[in-house]
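Undergrad: One-letter residues, chain by chain:
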Amino acid sequence: MRAPLSWIREFASIEAAPRDVAETLDQLGIEVETVDEPGREIRGVIAARIIDVVPHPDGDKLRLADVDYGDGQTRVVCGAPNIEAGMVVPFAPAGATLPGGFTLERRKIRGVVSDGMLCSPKELELSDDHEGILVLDPATAVGVDVREVLGLDDVIFEVAITPNRPDAMSIVGIARELAAHFRVPLTVPEPPSRTGGATEAALTVGVDDTARCPRYLARVSTVAMGASPHWMVRRLTLAGMRPISSVVDVTNYVLLERGQPLHAFDLDCLAGPGIVVRLAVDAERITTLDGIERTLTPDDLLICDANGVPQAIAGIMGGSTAEVSEATRSILLESAYFQPMGISRSSKRLDLRSESSARFERGTDPNGVGAAANRAMELLEQVANADVLDGAVDVYPSVVEPEQITVRTERVNALLGTALEDAAVVSALEPLGIEITATNGALSATVPTWRPDLEREIDLVEEVARRVGLNEITRTLPSTTGQTGGLTVRQRERRLVADTLVGMGCAEAVTVPLLAPAELERFGLALDDAVEVANPLRAEESILRPTILPGLVAAVARNAGHGIDDVMLFELGHVFRAPIGDDTLPDEREHVAATLAGQVCPAPIEPDRAVDVYDAIDIVRAVGDALELSGLTLVPASAAGLHPARTAAVLVDGVEAGHVGELAPGVLAALELTGPVVALELDLGILFDGRRRDRAFRSPSKYPASTIDLAFVVADDVPAASIAATLRDAGGALLESVRCFDVFRSDSLGAGRVSLAFALRFRAGDRTLTDEEVGGLRQACIDAVVSTHGAELRG
Amino acid sequence: MNATEAQALLDSKLTEAMDAIASADASHALDNIERTYLGKRSPAAEVNEAIKTLEPSERPLAGQAVSRYKAAIVDALGARRALIGALETDARLASERLDLTLGGHGRRRGHLHLVTQVQRELEDVFVGLGYQVAEGPEVEDDWHNFEALNFPPDHPARAMQDTLYVKLGRPEQVLLRTHTSPVQIRVIESQPPPVFSVMPGRTYRNETLDARHSPVFHQIEGLAVDRDITFGDLAGTIEAFTSAYFGKKVRARLLPSFFPFTEPSAEFALSCVFCDGSGCRVCSQTGWIELGGCGMVDPNVFLAVGYDPEEVSGFAFGFGLERMAMLRYGVAPIKTFFDNDLRFLEQY
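Listed in order, the protein sequences are those of chains C and P.
Mapped onto the working numbering, the consecutive letters of the first sequence carry residue numbers 1 to 795.
Mapped onto the working numbering, the consecutive letters of the second sequence carry residue numbers 1001 to 1348.
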């Protein structure tokens, strides 16, 4: 809300500079978003008396005004219809500056020199009124700066109030905080109450649901509708409210001043002289005063007239039927207390928020209802010539009593790290309106009902902290003795995986884990296993990703759109699938994915080469190696979004951990990507759970190695890895390494045949192998491959 | 041939050989010289052959003459060979010149995302302060994200969080966590005090990705629970990690605020890292930059998870990782973090 300093000063004589006041509000937890000084740009505009008004010789609407500005007289051209001799008005002479930084000059208007201008409220940014010149109090001394006359030297603090502080959503509430801080008294005059039975005789008020409406107070008055006086218009405008009419302005004024929302009904428009507060029936309708028809539920509270016709949605917005208008002659003024949660639910469901609902849903003061109504009546008498009916109808069956809370000073000190005495706690709390009595060594606090946030001892500890000043508390560090800081094995290994991918040349991406259904379909991923967002802002972000790749490949495509084709990206993150069994939460796993696109090593020293699936396999291997997985293998497979003949499943100890392969041409085409894009996606949990290589030390053999090469011709679909596995089995412990070094196809081998050449290195740990031993091993390897894979040894 | 004749022959041949060696400019020329003057038909071989025919008294003289002749040539050859070898090596190496300014094969190291770098750096700061790192799921239930954190149903504080709900279970019961705070609950549900943990992770809001908004962002949250933990400890911890991350000259201040799960609650701000607190555009002339929220753990949170608030106390704090990176490196707008433009990723 916007709080003008002049209004705050009406209740507490704050002398501090505006900058210090803003700083103080921040320190008190009332966050100052902006400090506004509307008159800051106005310079040299003074009060002047119009001596004479004559027609402009060459203008049908223009007139000439002779003005006395104290130090002399001059003539200005004016187009406003409302000026008359004798009025005191704001006069901006040549050289004066108006809001927006506009400086006036003497100039000719249709042949007559104008020595400045007379100003409308809009020209001084007082309101949007540009109908005529602003008329000042005739008693105003001429020559005085209008900033002084109009209070334009005011400062407005735009503050953000946290949801726990309904009391601070008012000028009095803010003044109370500042008064406590600056140690000045808070003076809130008690408005006259005008007791009597007249209102009770004239009205009936029935409250059906006293839980939702614990207090309803109604007062009645005749009113003269019209515009509010300048002082009220100015305050409302400075506080960010549009002036409407005297009656509405008064309700808004009291809302701002005291934080108590009020509503004025046109008494003659109510179908009966009274009020019924009840819950709506299902699908009941009301047109609110913004002209929108709203459909209600039995959880919405209605203010109805005595005939039960809805006239307002309680605490949120009035209806259009009994809205006050120029024709209004008498009003019923509502001042009530509604249960906060109910207002919050209705306001949320109806998506309708107002100054009233913002206060009611945080919790207004049930015991401030009467004073607010009295204050409104007092103001109506001043500004709307009101004839107020004595007394009020006040339905308040169960009076809300102030909370009693015990405060232990040692508890305050234990939580804050302070060393306060009882007296310091008392003097911190009392200026906030909290009464303290000391009984048997404990402090007992009586909390005013305008502070619904103070319910427990801890709430008062916070108040003490605020009053002491959070930055005045000595800063210390907790003793973490006995605690060992550190990462878990899994956290360290996650870093290792990321570092490995970085080492392999990939840049880490962070994609938004929300996808469009079309993105899943494009990837051939099933929607029925996916987790949907219930309230997405747009369909593009409506599915929680079941895998990382669709988002990562889209990032590759976006880079290609920027002309960046050689891209290696990876991402580590969570993926989501439908819950397992009776789980409430989804099957949430952590994956790592990478995509490679464009050219590998685009250097002039060798020919460019497009990425291929073997580059992706290098990455899989590097990750497996970094984690020292002993059982990582690849087997041909198919997977969503990947090329059917260029995809392998990655197995860890026989468990499928994910896939590596080339993206299917259809996926590439949909993303307008050309050239191969290869990818991998692995379940980190399965990798982390994999068996690790034995870390027991093995001394490297000192003896020489024997190396032999073997080439086999086999059917084209025999995986090289399975031949290598056969060789490893046949070679046994003496086979130190096996590596496929050549793949060869030719007409002479025959269609569907391939030659695979392997280099085998044998070595023993305790001796030099003899030629006989190596010959025997060689034959065993050949025999095994021939018999297992139908291979022929290539000559 | 007598000894004198032999000596004369060797002397003249030696002079000849020395001239030849001195003028030779290639290894193979020296090889030829060696054959000519020391080989099977060389003067040395001729004299050696003739020695048998000499008087026994002259033989030693002739033999010594041959030895001197040979030694002189071998030395000269060796010296010349070394010289020519070095020249030849130089020439060969010069012919092997490569243009190293072409760069390498083009293999490059990749990059960790800036948010990951910030996260790791902060995790390491907290590990140094004795904290562990805890994690939790990104899809949460209402209990962990709100209820246990003292957000009552229909409380206006819930409206502050634009929650993305998930179509699972009863309506509005399963959601994408709006903060990392549910991990606090998971940590204290799973262990007795003391707790010193930080909880980094992805969080979600119902916002669509544009220049200033993102449906996903990252937070790190800290939780300390033990006997006698005070608000002073909280303020000191915030000062410790912000100065560890931003440098010693950065000051931290706390302003009262409201969060349902802490009391007293505060927002913490840093002296502006761009103007050292003197006021600039980034800090809106205030000299301070808001960073995150913090406070003492509300007793209701302890009660929800079965800790006794009279026995233990604690503090919690949380802030955005993107915001840290934005402050430290001036990255803007927030969308940059999720565009995955390689030009951005490779900058860090």
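These are calculated hints, taken from the structure and not from any lab test.
Heads up, some of the hints might be wrong.
[As the list claims (entries may be wrong)] If you want the footprint, here are the derived chain P segments under chain C, 3+ residues with CB under 8 angstroms:
#1 1204-1212
#2 1234-1246
[Claimed, not checked] Quick list of simulated restraints, FRET-style, between CB atoms:
#3 P:Gly1306 to C:Ser701: 55 to 65 angstroms
#4 P:Gly1306 to C:Arg490: 19 to 29 angstroms
#5 P:Asp1308 to C:Met341: 26 to 36 angstroms
#6 P:Arg1097 to C:Ala733: 42 to 52 angstroms
#7 C:Gly765 to P:Ala1079: 28 to 38 angstroms
#8 P:Thr1208 to C:Glu37: 31 to 41 angstroms
#9 C:Ala733 to P:Gly1306: 55 to 65 angstroms
#10 C:Gly79 to P:Glu1172: 53 to 63 angstroms
#11 C:Gly503 to P:Arg1097: 48 to 58 angstroms
[Claimed, not checked] Examples of chain P residues lying across from chain C (beta carbon under 10 angstroms, computed):
#12 Ala1094
#13 Arg1097
#14 Leu1175
#15 Pro1194
#16 Phe1231
#17 Pro1299
The structure presented is a predicted model; accordingly, all values stated were derived computationally and were not measured.
For each residue, glycine too, the CB sits at the ideal point set by N, CA and C.
Undergrad: Does each hint fit the structure? Answer for all of them.
TA: Hints, one by one, checked against the model:
1. 1204-1212: Check passed, 4 qualifying residues.
2. 1234-1246: holds (count 5)
3. P:Gly1306 to C:Ser701: 55 to 65 angstroms: Between Gly1306 of chain P and Ser701 of chain C, where Cβ atoms are some 59 angstroms apart, the hint holds.
4. P:Gly1306 to C:Arg490: 19 to 29 angstroms: holds, 27 angstroms
5. P:Asp1308 to C:Met341: 26 to 36 angstroms: Holds - the Cβ-Cβ distance for Asp1308 of chain P and Met341 of chain C, about 29 angstroms, lies within 26 to 36 angstroms.
6. P:Arg1097 to C:Ala733: 42 to 52 angstroms: holds, 49 angstroms
7. C:Gly765 to P:Ala1079: 28 to 38 angstroms: For Ala1079 of chain P against Gly765 of chain C, whose Cβ atoms are near 51 angstroms apart, the range 28 to 38 angstroms is violated.
8. P:Thr1208 to C:Glu37: 31 to 41 angstroms: holds, 36 angstroms
9. C:Ala733 to P:Gly1306: 55 to 65 angstroms: Cβ of Ala733 of chain C to Cβ of Gly1306 of chain P: about 56 angstroms, so the range 55 to 65 angstroms holds.
10. C:Gly79 to P:Glu1172: 53 to 63 angstroms: Holds, since Gly79 of chain C and Glu1172 of chain P (Cβ atoms, about 59 angstroms apart) stay within the stated range.
11. C:Gly503 to P:Arg1097: 48 to 58 angstroms: violated, 31 angstroms
12. Ala1094: violated, 20 angstroms
13. Arg1097: violated, 14 angstroms
14. Leu1175: Hint holds; Leu1175 of chain P Cβ to chain C Cβ min 9 angstroms, cut 10 angstroms.
15. Pro1194: Constraint on Pro1194 of chain P satisfied, holds at 6 angstroms.
16. Phe1231: holds, 5 angstroms
17. Pro1299: holds, 6 angstroms
The structure fails hints 7, 11, 12 and 13 (numbered hints given earlier, in ascending order).
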